[in-house]
Structures are given as C-alpha cells and as structure tokens.
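> Listed here are the chains, written in short residue letters.
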Amino acid sequence: NAGVTQTPKFRILKIGQSMTLQCTQDMNHNYMYWYRQDPGMGLKLIYYSVGAGITDKGEVPNGYNVSRSTTEDFPLRLELAAPSQTSVYFCASSYSDPRNTEAFFGQGTRLTVV
Amino acid sequence: QKEVEQDPGPLSVPEGAIVSLNCTYSNSAFQYFMWYRQYSRKGPELLMYTYSSGNKEDGRFTAQVDKSSKYISLFIRDSQPSDSATYLCAMINYGGATNKLIFGTGTLLAVQP
Chain P
990 NAGVTQTPKF RILKIGQSMT LQCTQDMNHN YMYWYRQDPG MGLKLIYYSV GAGITDKGEV
1050 PNGYNVSRST TEDFPLRLEL AAPSQTSVYF CASSYSDPRN TEAFFGQGTR LTVV
Chain A
4 QKEVEQDPGP LSVPEGAIVS LNCTYSNSAF QYFMWYRQYS RKGPELLMYT YSSGNKEDGR
64 FTAQVDKSSK YISLFIRDSQ PSDSATYLCA MINYGGATNK LIFGTGTLLA VQP
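So the sequence lines, in the order shown, correspond to chains P and A. According to my numbering, the residues represented by the first sequence are 990 to 1103, in order. According to my numbering, the residues represented by the second sequence are 4 to 116, in order.
The reader is advised that the hints may include incorrect statements.
[Claimed, not checked] Computed list of lysine-lysine pairs in DSSO-like fashion (alpha-carbon distance at most 30 Å, straight line):
1) A:K5 / A:K70
2) A:K73 / P:K998
3) A:K45 / P:K998
4) A:K59 / P:K1003
5) P:K1046 / A:K45
6) P:K1033 / A:K5
7) P:K1003 / A:K70
8) A:K73 / P:K1003
9) A:K45 / P:K1003
10) A:K5 / P:K1046
11) P:K1033 / A:K59
Simulated from the structure, these hints should not be mistaken for lab results.
Whole structure, please, built from the sequences with the hints as guidance.
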C-alpha cells in the first residue's frame, strides 16, 4: 500500500518557468489537499478537492492551478514561478467520513525558485 | 482574523516535564479536531482525533476540546526527547464552507534530555 506519493522530491526552477507537482493516492480517498509549508511555519492550504471533477481554492491559491480528473490524482500546476513560491509542498488525502478523518500526507516536494 | 490560531513557540522543556499545547479557533462550525505531529523533513502524521467537548487520553497524550470557548489543547505527560517535533492542530467540518482541513501554524517542541 503506497499511500500518498508525490513527485518530484526536489526541484529547482528559474523565475518564470512552469512545472507540475504530481500527487497520487491509492486509498480511494475522495478528499485531497495541497499545502505549502514555509520554513518554521505551519501548513497553508492552496487548493483542495472533495471528489473527482470538484476543486476549490484554499487560503493561498494565487499562482497555482489544480485539476482532479480522477479520484487518484491531484496535480498542482505552478505557472510563471516566482521566488515567493519557494517552499515545501505537501499533498494529502482523506475520507469524507467523520468517523475516519485522518489525512495521510506525502513526503513533500522541496521547491526552490531562483 | 485567522480561522485557527496556534502559538508557534518554540517551546523547550526538560525530559519528564508536562507539556501543554494550545489552539483557538474562530468558526464555531468546526466539529472535528485533530493533532498532528511532524518530525523534521517529514510529512505530518495524525496523533489524536477528538469530536466532542471533553478529554480523550491515549497513553501519555491527552487531547482536550472546549467548544464553548473555541479552544483545544494537547497535553504530553512525562515528555521524552523523542517527542521533539512540531505539533499542529487541525480542524474540519463536513459540509458548507468548512469542509476543508485547516491547520494551525504549529508549535515547535524540543525536549531536552
């Protein structure tokens, strides 16, 4: 059981470049999330999805886009990378069942924009 | 006002101390409350989950919820160096505008041997 898998683990981007952070889960979770975590800070919600075909903005969506065409995959797209997007990005997934709210996290993608 | 507020610390305690970690929240629609533990350079992992007001114990850990005050706490008894990590509170409600998992900023805890 792989859980939540994020790729790549590390990436250096130049200002203005674009990239897609991949996230896939094999637990059949309907909720999926993207967070960013700046050094010494907590998790800020970028986008989330409550099911395939449904996405919504979190606290800090500017400069990012997402799609959810399948239950398993929730890619995060960065367009025109900026130094302010240097961060660690975490993908997470969970059931929508209140009796089982545990969110499972990937190992993170460390992104540096120079 | 942030939906969830948490004292970022850092908090440094000697081994064996009792640790108290706290969060406040502004939206009374939140109904499910969690504490996650995050070790350095790792993703967060669920430590405890509570729903109703009151206390829930799991070994050395006690989670406390006071919905009337919009205040949650995590107590760690007999703290160990292996408890050194960042502790994040999180909350969610299913339905409406709060059906997303919101985290506090995290408290960095160091337990000194």
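> Are the hints correct? Go through all of them and say.
Results of checking the hints against the structure:
Between K5 (chain A) and K70 (chain A) the CA atoms are separated by roughly 17 Å; this keeps the pair inside 30 Å, and the hint holds. Restraint check: the Cα-Cα separation between K73 (chain A) and K998 (chain P) comes to about 37 Å, which exceeds 30 Å; the hinted pair is violated. Using a Cα cut-off of 30 Å, the hinted pair K45 (chain A) and K998 (chain P) holds, with the two alpha carbons roughly 11 Å apart. Our distance criterion of 30 Å between C-alpha atoms is broken by K59 (chain A) and K1003 (chain P), whose separation comes to about 48 Å.
A hinted pair counts as satisfied when its Cα atoms are at most 30 Å apart, and K1046 (chain P) with K45 (chain A) qualifies at roughly 25 Å. Note on K1033 (chain P) and K5 (chain A): the hinted pairing holds, with a Cα-Cα distance of about 11 Å set against a maximum of 30 Å. About 46 Å separates the Cα atoms of K1003 (chain P) and K70 (chain A), which puts this hinted pair outside 30 Å; it is violated. Proposed proximity of K73 (chain A) and K1003 (chain P) is contradicted: the alpha carbons are some 43 Å apart, above 30 Å.
Distance restraint check for K45 (chain A) and K1003 (chain P): the Cα-Cα separation of roughly 25 Å lies within the 30 Å cut-off, and the hinted pair is therefore satisfied. For the hint pairing K5 (chain A) with K1046 (chain P), the CA-to-CA distance comes to about 16 Å; that is within 30 Å, so the pair holds. Distance hint between K1033 (chain P) and K59 (chain A) is fulfilled; the C-alpha atoms sit about 27 Å from each other, no more than 30 Å.
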